[in-house]
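Novice: Residue strings, one per chain:
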Amino acid sequence: MAKTLVQEFSKGLWKEIPPFRLVLGLCPVLGVTTTMENGLGMGLATTFVLVCANILVSLLRDIIPQKVRIACFIIVIATFVIVVELLMQAYAYPLFLKLGVFIPLIVVNCIVLGRAEAFAYKNKVGLSAADGLGMGIGFTISLGALGALRESFGAGHLTVWGDLSFNFLSLFPSFEPFAFLVKAPGAFVCLGLMLCILNMLGKK
Amino acid sequence: MNEMIKMVVVLTVLSAFAGGLLAAVRTGTSEQIEVQQLQFVKGPAILEILAGASNNPIADRFNLTDGEIEQTFFVGKFDGEPTTVVFENIGRGGYGGDIGVMAGINLDTDKIVAVAVTTHSETPGLGARAKDDPKFAAQFKGLPVTETIKVTGDGGPINAISGATITSRAVCGSIAATLNQYQKLKPEIAEQIKAFK
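Residue numbers (numbering that gives the first Met the number 0), protein chains in the order written: chain A, 0 to 203; chain B, 0 to 196.
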């Protein structure tokens with residue numbers, strides 16, 4: 000059953016991509032993807048927490064007793080989330096302001112707790128790290144894609160990073176932004192559409 | 000019994016380790032965070048209050064101790080003369096916690112130039128309007144430092160935001176403390192500000 004490092008890493012990128020295949024961690028997916036930048040930032044923060052939490056849980060898997068394992072996972076995950084929050088405040092303050100309350104919510108992101116329970120608790124450090132990294136990057140790509148979609152069609156512009164941005168309204172003056180996509184119901188619709196596309200692509 | 004002891008020990012050690020790590024990261028980043036907060040949160044508020052100043056108010060600043068608290072004063076120069084100071088006070092008792100309010104006072108006229116809310120945890124659309132709605136902050140413009148800053152419900156001149164009385168009271172409390180502090184420290188402020196001529 001021993002899979003290679005590369006296999007564990009790459010499954011998170013497509014076959015078991017968290018929001019669309021495992022259908023996990025949807026709260027931030029819908030909440031922060033109003034712009035691509037926010038989505039990517041959130042994805043990177045979650046990836047950091049995922050990798051660190053997976054590594055630590057895997058290192059401690061023989062010591063953590065079965066009956067209090069969830070409590071221990073939460074302690075580990077919450078610690079790394081606070082570390083990420085402090086680092087963001089120190090080095091990326093505008094992103095911290097935009098993500099706001101969703102950063103502490105990484106603690107209860109089902110992906111993080113789910114991978115700790117389903118994988119890191121039962122596997123070696125190297126594999127757990129690869130799993131965390133793969134899932135995290137897959138999550139980041141999903142958030143980025145959804146954010147790009149919602150921002151381009153919902154707001155009429157796309158901010159790639161910082162000051163680099165495309166303004167579709169100036170390129171195509173008759174383009175009417177579909178503001179519905181920027182709100183919560185639009186997020187659900189977008190998510191559904193992407194799920195549909197991925198399922199169609201998967202079937203082939 | 001052994002199992003129970005093991006559970007308690009593991010949880011305790013893990014929590015202790017987590018606490019230690021977080022304390023270390025917090026101390027390590029606290030200075031950098033202050034720099035960032037100054038740039039992104041307080042900075043815009045200061046520049047808004049001192050719009051039209053000929054200097055850089057964030058660089059031109061001095062500290063004074065008021066009892067046990069150290070207060071930072073940002074200086075604004077108009078027409079070549081340093082006339083205005085901006086400083087922040089925390090309003091306790093906001094709906095979601097503390098509210099940071101920056102106030103600018105003109106030393107020559109002893110009147111409030113403008114106020115701006117910096118940090119808060121208020122409800123968006125209600126209490127958050129203390130920061131977002133310019134009409135609320137505009138009420139404080141031009142008030143003399145001897146004015147009692149209270150909402151109309153408490154007998155003062157300030158119209159509270161409808162649906163956000165607690166927030167409005169906290170902001171008033173902060174500005175009242177600011178005016179108090181200003182009157183107490185005015186001689187020292189006037190002394191320090193001369194250095195920026």
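Certain hints may be false.
Straight-line distance between alpha carbons at most 27 Å, and here's what the computed DSS-like set of lysine-lysine pairs gives [said to hold, decoys possible]:
| hint | chain 1 | residue 1 | chain 2 | residue 2 |
| --- | --- | --- | --- | --- |
| 1 | B | Lys110 | B | Lys76 |
| 2 | A | Lys121 | B | Lys110 |
| 3 | B | Lys140 | B | Lys110 |
| 4 | B | Lys149 | B | Lys183 |
| 5 | B | Lys76 | B | Lys183 |
| 6 | B | Lys193 | A | Lys97 |
| 7 | A | Lys66 | A | Lys14 |
| 8 | A | Lys66 | B | Lys5 |
| 9 | B | Lys193 | B | Lys183 |
| 10 | B | Lys134 | B | Lys193 |
| 11 | B | Lys110 | A | Lys123 |
| 12 | B | Lys193 | B | Lys149 |
Sample of chain B residues lacking proximity to chain A, with all beta carbon distances greater than 12 Å (derived) [said to hold, decoys possible]:
| hint | residue |
| --- | --- |
| 13 | Ala23 |
| 14 | Arg25 |
| 15 | Gln35 |
| 16 | Gly141 |
| 17 | Gly152 |
| 18 | Pro156 |
Quick caveat, the hints were computed from the structure, so don't treat them as lab data. Using N, Cα and C, we set each Cβ at its ideal position, and we do this for glycine too.
Novice: Confirm or reject each hint.
Specialist: Evaluated hints:
1. B/Lys110 to B/Lys76: holds, 16 Å
2. A/Lys121 to B/Lys110: violated, 67 Å
3. B/Lys140 to B/Lys110: holds, 8 Å
4. B/Lys149 to B/Lys183: Answer holds: lysine 149 of chain B to lysine 183 of chain B is near 20 Å, not above 27 Å.
5. B/Lys76 to B/Lys183: holds, 22 Å
6. B/Lys193 to A/Lys97: The hint is violated at about 40 Å.
7. A/Lys66 to A/Lys14: violated, 32 Å
8. A/Lys66 to B/Lys5: holds, 11 Å
9. B/Lys193 to B/Lys183: OK: lysine 193 of chain B and lysine 183 of chain B at ~18 Å, within 27 Å.
10. B/Lys134 to B/Lys193: violated, 33 Å
11. B/Lys110 to A/Lys123: violated, 67 Å
12. B/Lys193 to B/Lys149: violated, 33 Å
13. Ala23: violated, 10 Å
14. Arg25: violated, 6 Å
15. Gln35: Violated, since 4 Å does not exceed 12 Å.
16. Gly141: holds, 31 Å
17. Gly152: holds, 30 Å
18. Pro156: holds, 32 Å
Going through the hint list in order, the structure does not satisfy hints 2, 6, 7, 10, 11, 12, 13, 14, 15.
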